[in-house]
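**Q** Those protein sequence lines, which keep their order, are chains A and B. Position 167 (the first sequence) corresponds to 167 in the working numbering; numbering is contiguous. Position 266 (the second sequence) corresponds to 266 in the working numbering; numbering is contiguous.
Just so you have them, the derived chain A footprint on chain B, three or more residues with Cβ under 8 Å:
#1 42–55
#2 182–190
#3 203–216
#4 401–413
#5 540–554
#6 611–622
#7 670–679
Just the calculated beta-carbon pair ranges, DEER-fashion:
#8 Val50/B / Ala527/A: 45 to 55 Å
#9 Glu379/A / Lys678/B: 19 to 29 Å
#10 Glu379/A / Asp575/B: 53 to 63 Å
In short, the hints are calculated from the structure, not lab data. Glycine is no exception: its CB is placed at the ideal position from the N, C-alpha and C atoms.
Each chain, letter by letter, is given below.
Protein chains: 2
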Amino acid sequence: MTEVMTSTTAPASDGHTVDVAALGELLLGNWADVRRQARALAGNPELHKVEGLSHTEHRLRAFKQLGILVQQDGVHRAFPSRLGGNDDHGGNVAGFEELVLADPSVQIKAGVQWGLFGSAVMHLGSAEHQDKWLPGIMSLEIPGCFAMTEIGHGSDVASIATTATYDSSTGEFVINTPFRAAWKEYIGNAAVDGLAAVVFAQLITRGVNHGVHAFYVQLRDPATKEFFPGIDGLDDSIKGGLNGIDNGRLCFNNVRIPRSNLLNRYGDVTADGVYSSPIASPGRRFFTMLGTLVQGRVSLNGAAVAASKVALKIAIQYATERRQFNAASDTEEVVLMDYQRHQRRLLPLLATTYAATFAHEQLLVKFDGVFSGAHDSDEDRQDLETLAAALKSMTTWHALDTLQECREACGGAGFMVENRFTSLRADLDVYATFEGDNTVLLQLVAKRLLADYSKEFRNLDFGVLARFVVGQAADLTLNRTGLRQVAQFVADSGSPQKSAKALKDEDTQHELLVGRVQTMVADVAGALKEAAKLPKDKAAEIFNDNQNELIEAARAHAELLQWEAFTEALHRVEDAGTKKVLTRLRDLFGLGLIEKHLDWYLMNGRVSMQRARTLGPYINRLLAKLRPHALDLVDAFGYGPEHLRATIATGIERERQDEARDYFRIQRASSDGPVDEKVLIQRAKASAKK
Amino acid sequence: MTEVMTSTTAPASDGHTVDVAALGELLLGNWADVRRQARALAGNPELHKVEGLSHTEHRLRAFKQLGILVQQDGVHRAFPSRLGGNDDHGGNVAGFEELVLADPSVQIKAGVQWGLFGSAVMHLGSAEHQDKWLPGIMSLEIPGCFAMTEIGHGSDVASIATTATYDSSTGEFVINTPFRAAWKEYIGNAAVDGLAAVVFAQLITRGVNHGVHAFYVQLRDPATKEFFPGIDGLDDSIKGGLNGIDNGRLCFNNVRIPRSNLLNRYGDVTADGVYSSPIASPGRRFFTMLGTLVQGRVSLNGAAVAASKVALKIAIQYATERRQFNAASDTEEVVLMDYQRHQRRLLPLLATTYAATFAHEQLLVKFDGVFSGAHDSDEDRQDLETLAAALKSMTTWHALDTLQECREACGGAGFMVENRFTSLRADLDVYATFEGDNTVLLQLVAKRLLADYSKEFRNLDFGVLARFVVGQAADLTLNRTGLRQVAQFVADSGSPQKSAKALKDEDTQHELLVGRVQTMVADVAGALKEAAKLPKDKAAEIFNDNQNELIEAARAHAELLQWEAFTEALHRVEDAGTKKVLTRLRDLFGLGLIEKHLDWYLMNGRVSMQRARTLGPYINRLLAKLRPHALDLVDAFGYGPEHLRATIATGIERERQDEARDYFRIQRASSDGPVDEKVLIQRAKASAKK
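Starting from the given sequences, assemble the full structure and let the hints guide the process.
**A** Right, dumping it as structure tokens:
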């Protein structure tokens, strides 16, 4: 047995040491101080999820918790300084993300109130709107809703059917829900708490529909909490998770609001009903308005990464203490983390979590650049949208996979709600489909890849992409930052010889990952080429025949972005031991991606059969080398017991195992312990042979 | 647009028709009548899960529901006729499985009471034990526990540390929990309801430990519900699901029970402490005792398949009604099921569910053969164990994947608890790790594959397998039914030429799937060959280095078994249309497996690069051909609204969509509907050009 196989506390057998504190700082990133403050806040027991509450009790608690966030000054960073905020967009999201550690319901309910409802007033309204409503929104005096999604249209926001028709005779907009599918649905704060809402509706004036705009609508009488006349609602009741949030439906029966309640930054109507907008193109106007809401996706990305970290810390801590089955000796059982399969289950998820952390930090920097105004060109905004869509899809799915694998890796203990996995997983489940369904978001990314690949795809307007991103690409100039010269693909596609270099080489990994994205995009582009010339229905058929490939190309691109972010961060590490270990973790991530898509690499001649067969064994060796550092790598996440709150991560399993081993050690040493029947049989056989 | 793309009600465009009723009968299988009765029972609202109950309320309800099952005669089929049962083992499990439709908590609590606690008394006890305790167990007068698992040992039952030491001076066994890790844990009925328990403990008499045996122990005073002296417990409280069951811990502090409370079918102790057993080998004795409990795995397999069916029926129903995005026209939105990606998400899961259904039926027949005594040779029992382990792993994971994919495919609606997915998924989560952790079970299968491959592995006793299946293989003769001549592999391994045949050919699929299992087993066997000659610690290292491959070989074997079962069932279908459609579904399953493992087939030269590249497009064409039959294929499951109980499966989405389309149709036809700003811009551009 090697040292690795039998010990969990001995120093790493490879002589490398991770500087856990320095690595922790690297992971905290640009907004380290904000994160530390937010983690202190999230450690407050008053903010923690209490399991087993009914959904009505949980809602009451979550509402009170929002009040605590206000008192503790935890949620106003993004708002204007003149109203008591900090104009700090990146810091705001960084702090917000950490709230998932307390209770995802608190996080998402805060997101509804300040990130969606408040943000819509701030970004879509005028200074007067901000002055009028933001103080009450910030203080929670006006709990509110973000009423965009309808039963009939989730991801396809452009198709929502609620109307806001201007009546110049009274100077009012008439908000109306024309049929059942147009009820606003899954709206947070709608079932109970919401006094007002930002309602998205088709703005109609003088017989023309100017597309989706946002309106401020009072929902309930603050005194009675009853709906105002013309407004109706339904309670969504119990959900798969996030039950601290009172989601519900809203319906408007010709509800009249003043003209001044149109959040008019990107479109306004005069008293006599003349529409005007600073953005001439309706498509681009729609995209610009929705673009202000990208922070939802950015924050979910960060929250999903945080939940993955918590899960891995708990599961890996347990796996270094828990013993099961004796392989190498009759008396000593093996620590779970020493099993190859257990390493195969958890360490690639850890590598992906690191990649996702570094990629998220890049996204946050990009977001802050755009929203602070430091870097907010059209190109920056496009990049931000694409990056957020790509990464949010990857990390929200990754969090679910990680929570589930960790839960199973801890066996029955993983199923107990006290160990966090099942509760976090239930809450995070919906992250995969809200703030943009992941499958739809990946198609948004794919559209961008195609547009970058060739200008003929820049006006792509068939398929799912048609309405979702209509107008987005229309005004674009060719932009390569998102895709890194996909257009140059044909000239320098990877040759099999190159890929025959050792796969662990950083440049080889990069070349393989980039080459796959380029080729996949080129292949789909080739298949779609004729579609642009065909009638709409035929074009849609061709598009549909390639939908799966298109989505896979987008996924490949997102994986590449994560790999690049990990590698970039790696180059900033100075401590030699940490760098060595992190390089192995990055290799595990990169080679894991290549292994996952090995069929593609083989089919396309990028990796030889011989080389492919070496990949699995090489990854297994990497796992064994990373094993001694597994605990350091999760300790660097920097969570305290107030964040983990999992019985099995408290060291209790080690205590129990030690107690059991002591018992058997004493029994073996004593002369009156029972003898095993099998031993007697062996002895009998042995003496019979003599 | 083809008809398939635009219509959901039109007859299938390929001219084939599925005979839904006949297919339904095929799916109901050998115990069709029992299943119909059990489904009628499961349709009873009194047995349904009520969402949002606290765990204490849910427990009370579940306990009452067990009483209803007794009254309705739903749970006694396996018990002896002389005590009011039917001696019907297959029918018992078939009926039990369907209870998952009512509430998984009811199913599993019933499983604890009659399938584990009652079964243990029946199978491990004498006729006197049966006469004494079974009537009370059957009537629920004695709610009881199956106290096997300990905190420190889940899957490794042979290592449990609870002792039952015989004291000949009083004629009693002393049951004792020596340390905290030996507390019985996750025990259903332990927290509240259990009056008695079958406790598994190391039987020690005259200084010799004869291994794990089962003892009947009274836990609580029926009058006061208080623990008897010496017994202690803890409530596991809230879990990730199955909260209708009162799981808990049990601890025994030198609790004395009469000698006659040893369930003595496979091992007995005389009044003066002499141990005897009809099975000389302790290892084999252990395996035989545990073997009587295989029905837990068999039932979970069936329940997981049932849950997958419910999920697919709901999601596919919704996908044929729900419209989102307009691809082919400006006015008509596309039905979700017409999107290639949606087909890619749901139809392969449907194909796997069919394969799992047919494979489960074979398992159930095997189980019934062994337990009825009709076919209960050692070989039959070994086959049953292997088959149950292989299939239970596959289907419990499959159910989780299916429930999650269906939930996401239904977007926000999928997250609402009223649509079943999240609730079923939470409850079924633990199926992957209880009644044998899937990862451990696959290693059990792998051991069998190795033993069949070569006799030198028949005494394999290192690694995880050592204690888990100790004794199982020791007395085996070579047995080929499980593996279909793996040993002959070297002679006739598949050549690349053969695999170049059209992949859709049934024999080709079979050859590829069989070849993969054979080669993987042979490869692992080659790597492990020298291990047998090495010291235990070195052998364990080699074993560990191949653990992942070993598990993957077992999975490949399980997939092959499912494919063979599907194909066997296909050959029994007479109706031409049904046969055609089912053949495509089987092809989708088979080719899906080959696609999933395409890297392996390429690396090992079984599929050429050229052939591999045709696979994805071929599968996409299969999906499009299956699309028109998707609804028929889920309707054949035969569930009524009383089983589905999902709002989105009631046709409400179609109503809403029709209402919306009517609204827009009328608006387009009218002259005073609003004009789209985009249309005005286009018109302006057009007239400017003139």
